[in-house]
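**Q** One-letter residues, chain by chain:
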Amino acid sequence: MSDHESPKQSRRAPHELIAVRWRPKGVTVVGFAFVGLIAAWLLVNLVQTPTEFFQIAVVGLTNGSVYALVALGYTLVYGILQLINFAHGDVFALGGLLSATVILDLFDVSSASSPGTIALAIGGSLLIAVAFSSTLNTTVELVGYRRLRNAPRLAPLITAVGMSFILQNVGLYFWGPNYTSIDPLISGDPAFTIGGVEFQWDNLTMILITVPILLALTWLVTSTKQGKAMRATSQDMEAAAMMGINVNRTISFTFALAGGLAGAAGLIYVLQFTTIRFDQGFQLGLIAFTAAVLGGIGNLAGAVLGGVLIGFVEAFADGLSWLSPGANWTRAIVFGLLIAVLVFRPEGLLGERTPEGA
Amino acid sequence: MTSVFEPVRASWSRLPARVRQYGLATLVITLAALYPFYFDLLPGGVFPVVSIAVVMLIFVMMALGLNIVVGYAGLLDLGYVAFYAVGAYVAAWFASLHFDQVTFHFGSVGVQSDAPGIHISIWLVLIVAGIVTTVAGILIGLPTLRLRGDYLAIVTLGFGEIIPIFVLNSDEQGIGFDLTHGAFGINPIDSMGFGALSALGLPEVYRTSENRAELYFWTALGLVLFTVFCSVRLRDSRLGRAWIAIREDETAAAAMGVPLMRTKTWSYAIGAFFGGVAGCFYAVYKSGAFPSDFYFQFSVFLLCMVILGGMGSIWGVIAGAVILSWLDREGLAKIGSWIGDLSGQQVDVPKYAFGIYGAIIVTMMLLRPAGLIPERRHKIELEEGVHDTPFYDVQHEGTLTDRDPSDD
Chain A
97 MSDHESPKQS RRAPHELIAV RWRPKGVTVV GFAFVGLIAA WLLVNLVQTP
147 TEFFQIAVVG LTNGSVYALV ALGYTLVYGI LQLINFAHGD VFALGGLLSA
197 TVILDLFDVS SASSPGTIAL AIGGSLLIAV AFSSTLNTTV ELVGYRRLRN
247 APRLAPLITA VGMSFILQNV GLYFWGPNYT SIDPLISGDP AFTIGGVEFQ
297 WDNLTMILIT VPILLALTWL VTSTKQGKAM RATSQDMEAA AMMGINVNRT
347 ISFTFALAGG LAGAAGLIYV LQFTTIRFDQ GFQLGLIAFT AAVLGGIGNL
397 AGAVLGGVLI GFVEAFADGL SWLSPGANWT RAIVFGLLIA VLVFRPEGLL
447 GERTPEGA
Chain B
589 MTSVFEPVRA SWSRLPARVR QYGLATLVIT LAALYPFYFD LLPGGVFPVV
639 SIAVVMLIFV MMALGLNIVV GYAGLLDLGY VAFYAVGAYV AAWFASLHFD
689 QVTFHFGSVG VQSDAPGIHI SIWLVLIVAG IVTTVAGILI GLPTLRLRGD
739 YLAIVTLGFG EIIPIFVLNS DEQGIGFDLT HGAFGINPID SMGFGALSAL
789 GLPEVYRTSE NRAELYFWTA LGLVLFTVFC SVRLRDSRLG RAWIAIREDE
839 TAAAAMGVPL MRTKTWSYAI GAFFGGVAGC FYAVYKSGAF PSDFYFQFSV
889 FLLCMVILGG MGSIWGVIAG AVILSWLDRE GLAKIGSWIG DLSGQQVDVP
939 KYAFGIYGAI IVTMMLLRPA GLIPERRHKI ELEEGVHDTP FYDVQHEGTL
989 TDRDPSDD
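These protein sequence lines are chains A and B, in that order. For the first sequence, counting from 1, position 192 maps to 288 in the numbering used here; every step adds exactly one. For the second sequence, counting from 1, position 198 maps to 786 in the numbering used here; every step adds exactly one.
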């Protein structure tokens, strides 16, 4: 999907020529100096406390896999509609809340249950959460965004913000204002240790669930007919329609796919952190959106890369000992990063330069 | 509906133009200014007391400021609360005991002359807050306004998130200097008042005055009138026409010679100015600035006022702000108790306040995107469309051949 803008480039080209580029050379130098400073900071930490450094990196990788799944949802939808689906984070939260309830009430497992039961419960709630979140996300598109497809661009964006609030309050209504908690189902015991760095079962499981999903998604988008339809629609809706692609259905499918990923991410989040609350989706959604932008919005590989990078950024900002800003500032750092990326490199790390970003 | 208002409308349109132009405005201003004298005579129990009406007026002012950014220039700002925060903390820094390292007094009222801290007359602080937030708006705007639509929304949202975190953590522990007093916030903030001018019959200090709420009410009304005046004059100015041109079609505006960056930055700066002044006044009224006030939902709450009333429409935004701030302050609780009385079942309506605002936003965007009281030009824009031709016609399921040729 990386080149979804190319056909529209010609249409928006006049703007590109007229808009004044405020991009002094000095800014680039500052940017590189900043990146260099961060690298130096990481290096000093690595040399001082190597074991701790890698231990934190493992945490970052696990959190990053959740961000990657959510970020993929943003990127899929942005790729096809050029819409930031603000409600996506809340779909994630509702998926997480539902899977917590399913684990608690339907399967009724606790950390004392046998591994087979736990595996069954996780598999079952994964299916339920994915099905629920896909349906939810498709419904949001059907009710909210479809009628606004030809409206000025701000209209669907504002609607997305409204949808996000509605979904949050749906969560508030059904799950209440408190945290929904489950037992830690997967033990935090180390599975194996490399050079003093422990790889714990719970971290490992998250990666074990995430990687197959990512592979399946890549296969779906690159090798199936439906994936081809998605790519075609994201490139040029009119041309895709003329080629006999049912554009509405393709968009619905994309939303279902994005919702499913959010549902899976919700379950993984609940398994890892064991608690979730109705309003956590929006924050996490923003962070995941940052990840998508960092990697290059519209670019699937970029979303995963961005997700993992943001996971690292958060973990390092939280955990490193030498000159660490501390957990209080982590969110500010992530949003600062978002602004910096949008200002200095709006196309992201892997994306192509598009007129939209500039 | 139309038929009921038709005779009124007909007789209204027979009036001379000058009366029509100023008559309605004068009537509304008079009614508003006299509100403290008659609100308790009004029936229905839905009219708020004066101290709540002050907050409503402050929200009206903020919504009008946001309207300049969102309604006039068409830039979606999801971080407007940042300007409120800046204004509030300017008040807290320049008119409180906070910086007790220094003792500086200038025209302050109601504080002892040897009290530590910076104490500047609130009238001046309001102006300072406006200037500081304008500068903040320009600083935020310069690098970000190059971005189009949705990216800009995200960047403003990012700033709206960063500033509360910054405010929350800027104490001794966080940055080594107690700039904002962390989660506790800064209070009390000095009161407004005319001090020595009380010889002219003006109140000396609002806070100790017995009709404190009324004094703040009239001051807030003055600020709102100032904002409305600026909004009207700006809308009809060269700058305002440039904003609307950008809103309608950025490319065409640029082709006609509108300098995009400068024009957008102005809208951002002026919008920020009113947000800052309103935020400063609100902090003075509440006598404190607390980081917990500056949450993202507040930005959306203000945006909801603008959308409900009608983007770009001054009357609409005032109406939207009055309705929503009333709902927020006491309406939802009242509706909750009415539902409770009718059904015998207790419903906590205010708990779902933001879900309701979200529903209002979605409903308005889907059913009446131009708002309750639409701006004429914006309505045309939404109905006939001045943006790109549709990518894909939803109604016709992609059969491009039977589209109306006039679309292209």
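Check before you lean on any hint, since a few could be wrong.
[Claimed, not checked] Okay, the calculated beta carbon distance ranges per label pair:
{"id": "1", "chain 1": "B", "residue 1": "Val935", "chain 2": "A", "residue 2": "Met339", "range": "36 to 46 Å"}
{"id": "2", "chain 1": "B", "residue 1": "Phe635", "chain 2": "A", "residue 2": "Met338", "range": "53 to 63 Å"}
{"id": "3", "chain 1": "B", "residue 1": "Lys939", "chain 2": "A", "residue 2": "Thr314", "range": "55 to 65 Å"}
{"id": "4", "chain 1": "B", "residue 1": "Val690", "chain 2": "A", "residue 2": "Gly132", "range": "34 to 44 Å"}
[What the hints assert, rightly or not] Covered stretches of chain B (in silico footprint by chain A; criterion: 3 or more residues with CB under 8 Å from a CB of chain A, positions within the stretch not fixed):
{"id": "5", "segment": "659 to 671"}
{"id": "6", "segment": "741 to 752"}
{"id": "7", "segment": "793 to 804"}
{"id": "8", "segment": "851 to 859"}
Rather than coming from a laboratory, the hints here were simulated on the basis of the structure. Glycine included, each C-beta is placed from N, C-alpha and C at the ideal position.
**Q** For each hint, tell me whether it holds in the structure or not.
**A** Here is what the structure says about each hint:
The hinted window of 36 to 46 Å between Val935/B and Met339/A is violated, with their beta carbons roughly 52 Å apart. For the pair Phe635/B and Met338/A, the beta carbons lie near 59 Å from each other, so the given range of 53 to 63 Å is met. Between Lys939/B and Thr314/A, the C-beta spacing of about 43 Å breaks the proposed range 55 to 65 Å. Distance hint check for Val690/B and Gly132/A: the Cβ-Cβ separation is about 39 Å, which falls inside the suggested range of 34 to 44 Å.
Restraint check on the segment 659 to 671 of chain B versus chain A: 3 residues with Cβ-Cβ distances below 8 Å, three needed, restraint holds. With a threshold of 8 Å between beta carbons, the proposed coverage of the segment 741 to 752 of chain B by chain A holds, since 8 of its residues qualify and at least three are required. Restraint check on the segment 793 to 804 of chain B versus chain A: 0 residues with Cβ-Cβ distances below 8 Å, three needed, restraint violated. Taking a C-beta to C-beta cut-off of 8 Å, the segment 851 to 859 of chain B contributes 0 residues in contact with chain A, too few for the three needed, and the coverage statement is violated.
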